[in-house]
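Asker: Let's have the full structure, built from the sequences with the hints guiding it.
Chains as they are written, first to last, in this note's numbering: chain A, 1 to 322; chain B, 1 to 322.
Watch out, some of these pointers could steer you wrong.
[What the hints assert, rightly or not] Facing chain B, according to a computed beta carbon distance under 8 Å, are these residues of chain A, among others:
hint, residue
1, Arg78
2, Glu79
3, Thr226
4, Gly228
5, Tyr235
6, Ala236
7, Glu271
8, Leu279
In short, the hints are calculated from the structure, not lab data.
Just so you know, even glycine gets a beta-carbon here, dropped at the ideal spot from N, CA and C.
2 protein chains.
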Amino acid sequence: MSVPLPNSVKLIEVGPREGFQFEGIGAPDKILLSDKIALIDALAGTGLKTIQIVSFVHPRIMPQMADAAEICAGIQPREDVAFTGIYLNDVGLNRALATPALTFIPEIVLAASETFAMRNQKRNFAEDDAMQVKMAGLCAEAGRPVTAGNIMAAFGCNYEGVVPRDRVLRMIGRLCEIAESTGGKLASINLADTMGWADPGQITAMVEAVGQDFPQLEIGLHLHDTRGMAIANVYAALQAGVRRFDTGIGGLGGCPFAGHAGAAGNVATEEVVFLCHKLGIPTGVDLPALMDCARLAQRMVGHALPSRLLTSGISPAGVPAS
Amino acid sequence: MSVPLPNSVKLIEVGPREGFQFEGIGAPDKILLSDKIALIDALAGTGLKTIQIVSFVHPRIMPQMADAAEICAGIQPREDVAFTGIYLNDVGLNRALATPALTFIPEIVLAASETFAMRNQKRNFAEDDAMQVKMAGLCAEAGRPVTAGNIMAAFGCNYEGVVPRDRVLRMIGRLCEIAESTGGKLASINLADTMGWADPGQITAMVEAVGQDFPQLEIGLHLHDTRGMAIANVYAALQAGVRRFDTGIGGLGGCPFAGHAGAAGNVATEEVVFLCHKLGIPTGVDLPALMDCARLAQRMVGHALPSRLLTSGISPAGVPAS
Numbered sequence: 001m002s003v004p005l006p007n008s009v010k011l012i013e014v015g016p017r018e019g020f021q022f023e024g025i026g027a028p029d030k031i032l033l034s035d036k037i038a039l040i041d042a043l044a045g046t047g048l049k050t051i052q053i054v055s056f057v058h059p060r061i062m063p064q065m066a067d068a069a070e071i072c073a074g075i076q077p078r079e080d081v082a083f084t085g086i087y088l089n090d091v092g093l094n095r096a097l098a099t100p101a102l103t104f105i106p107e108i109v110l111a112a113s114e115t116f117a118m119r120n121q122k123r124n125f126a127e128d129d130a131m132q133v134k135m136a137g138l139c140a141e142a143g144r145p146v147t148a149g150n151i152m153a154a155f156g157c158n159y160e161g162v163v164p165r166d167r168v169l170r171m172i173g174r175l176c177e178i179a180e181s182t183g184g185k186l187a188s189i190n191l192a193d194t195m196g197w198a199d200p201g202q203i204t205a206m207v208e209a210v211g212q213d214f215p216q217l218e219i220g221l222h223l224h225d226t227r228g229m230a231i232a233n234v235y236a237a238l239q240a241g242v243r244r245f246d247t248g249i250g251g252l253g254g255c256p257f258a259g260h261a262g263a264a265g266n267v268a269t270e271e272v273v274f275l276c277h278k279l280g281i282p283t284g285v286d287l288p289a290l291m292d293c294a295r296l297a298q299r300m301v302g303h304a305l306p307s308r309l310l311t312s313g314i315s316p317a318g319v320p321a322s
Numbered sequence: 001m002s003v004p005l006p007n008s009v010k011l012i013e014v015g016p017r018e019g020f021q022f023e024g025i026g027a028p029d030k031i032l033l034s035d036k037i038a039l040i041d042a043l044a045g046t047g048l049k050t051i052q053i054v055s056f057v058h059p060r061i062m063p064q065m066a067d068a069a070e071i072c073a074g075i076q077p078r079e080d081v082a083f084t085g086i087y088l089n090d091v092g093l094n095r096a097l098a099t100p101a102l103t104f105i106p107e108i109v110l111a112a113s114e115t116f117a118m119r120n121q122k123r124n125f126a127e128d129d130a131m132q133v134k135m136a137g138l139c140a141e142a143g144r145p146v147t148a149g150n151i152m153a154a155f156g157c158n159y160e161g162v163v164p165r166d167r168v169l170r171m172i173g174r175l176c177e178i179a180e181s182t183g184g185k186l187a188s189i190n191l192a193d194t195m196g197w198a199d200p201g202q203i204t205a206m207v208e209a210v211g212q213d214f215p216q217l218e219i220g221l222h223l224h225d226t227r228g229m230a231i232a233n234v235y236a237a238l239q240a241g242v243r244r245f246d247t248g249i250g251g252l253g254g255c256p257f258a259g260h261a262g263a264a265g266n267v268a269t270e271e272v273v274f275l276c277h278k279l280g281i282p283t284g285v286d287l288p289a290l291m292d293c294a295r296l297a298q299r300m301v302g303h304a305l306p307s308r309l310l311t312s313g314i315s316p317a318g319v320p321a322s
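Answerer: Next up, the structure:
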């Protein structure tokens with residue numbers, strides 16, 4: 001009855017970008033620039049290979065990201081770590097391209113809920129599609145044709161409820177089309193449970209359906225723990241062969257436009273690492289060093305973060321740390 | 001790759017007993033007797049069929065359970081709900097037998113970590129074994145020979161670290177022996193991850209090993225979310241065919257003698273119900289009514305409970321509640 005698991009996983013740390021956004025709602029100066037930089041530098045020393053550190057959004061819409069350029073300029077460059085940023089329109093994309101400290105990811109993104117798209121991207125489905133075509137063109141012009149796709153709200157929506165799987169599959173197909181029409185080719189698709197509605201059965205079914213329709217795509221998952229299901233969803237995804245996860249240190253994160261009632265963070269990086277190591281799956285990450293980062297993040301935001309492991313610790317007795 | 005899941009599960013609500021114990025550490029009067037009774041009565045109206053409400057421990061050791069008799073006398077009796085209590089020695093057992101409001105469970109219990117046994121049961125392995133023989137005899141004398149077994153700290157220990165699976169299997173065998181030597185017969189075994197060390201791989205392996213060595217036993221799991229793995233462990237257990245879980249409303253709970261650094265509660269009842277319903281597994285429990293109970297429990301203890309679902313809610317939009 002045991003199901004084979006992947007022999008390694010790749011974690012994309014998104015806690016800085018999401019955490020700085022979410023924690024800064026209504027309080028853009030809550031986290032000091034120097035603290036932001038210190039957290040990113042500390043995370044870069046844990047073995048994590050990709051760290052998403054900023055989003056390029058207009059400071060009127062998201063004042064807590066007004067210091068994106070200073071963050072990128074302040075961090076310690078490292079050969080072994082890719083620092084990345086996200087963007088949701090052509091202006092943001094051009095800012096990302098013009099930021100030498102970042103590894104540019106030529107990515108296009110659709111949201112599977114139109115209500116969510118209207119709130120987060122400020123565009124309806126048609127406008128959002130047109131923007132992806134425009135952004136894909138810009139990527140091609142910059143000599144970096146699109147290779148990555150992303151579907152937000154892929155498993156359910158706080159505004160619309162159920163999100164049909166067929167719509168998600170159609171949108172993945174559309175992202176493939178847009179990439180190819182601009183000289184690119186999708187190699188990966190990230191599926192985001194932006195509002196924390198997925199259950200492990202849904203994860204299994206979605207991963208199987210995407211794998212069947214798009215066998216050429218590497219699947220990544222971006223899971224929020226809004227309803228307590230995230231770690232079970234990671235486990236189900238591992239069983240389905242998924243090898244790439246977005247995670248947030250300490251459980252930081254949450255989308256400011258997702259209509260969350262409260263809990264909202266990403267699945268905690270240290271809990272995913274703990275799970276993987278206990279299952280015998282290497283992550284390349286130093287768990288005790290990661291726990292130090294989680295404690296740092298918690299001190300910086302000034303309140304308890306959602307991670308249970310952060311509170312309980314990894315090795316009060318002889319239980320191996322990793 | 002999909003694994004078949006059980007067609008129903010049975011949940012044992014342990015939040016009152018564990019929560020009243022854990023929340024009352026150092027503050028035995030923190031939760032009003034009337035509140036305790038109100039919570040139990042509310043839980044009894046949700047469709048839960050078994051609710052563990054008290055432990056019979058000497059009030060010197062656990063002053064927060066000094067009102068056990070009053071709780072039992074105060075609750076509304078119901079034909080459709082079994083209220084139960086636990087005991088760890090002959091004196092407690094006799095108190096449980098003498099409490100007509102309770103459904104008596106003729107159960108014997110060993111701990112798989114001797115250090116934990118010394119702290120929780122105040123007995124070493126040999127003394128603890130002898131006590132189980134004595135208690136099994138008392139059950140037989142009362143005309144209720146032993147049918148239930150329980151292993152505490154079955155998946156790891158905050159004091160000792162790793163708990164070998166072979167030891168757990170030997171102890172289950174020993175519980176079977178004790179039951180049979182006193183005219184009983186074990187029908188079920190509860191495996192407790194008292195200190196929250198289990199991962200889904202361990203759960204799968206343990207359930208398979210117990211099922212192989214003791215096919216006659218129904219397996220129940222008692223899972224703490226100390227390190228954030230509990231809901232993934234429930235999912236792994238469902239995949240392995242487990243149909244019985246102890247859960248705590250709101251994530252209440254924690255063993256006062258387990259050396260927890262912080263987080264300690266049981267897997268939250270409402271999150272297990274949410275998971276099961278999303279997976280299409282009936283629980284017989286009314287999720288919105290259960291959410292009301294979780295809110296009541298949270299008001300009563302006066303601080304945020306660990307349940308994520310309690311914070312985020314089940315249906316901000318059109319997503320079905322169950």
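Asker: If you check each hint against the structure, which ones fail?
Answerer: Result: hints 1, 2 break, sorted rising.
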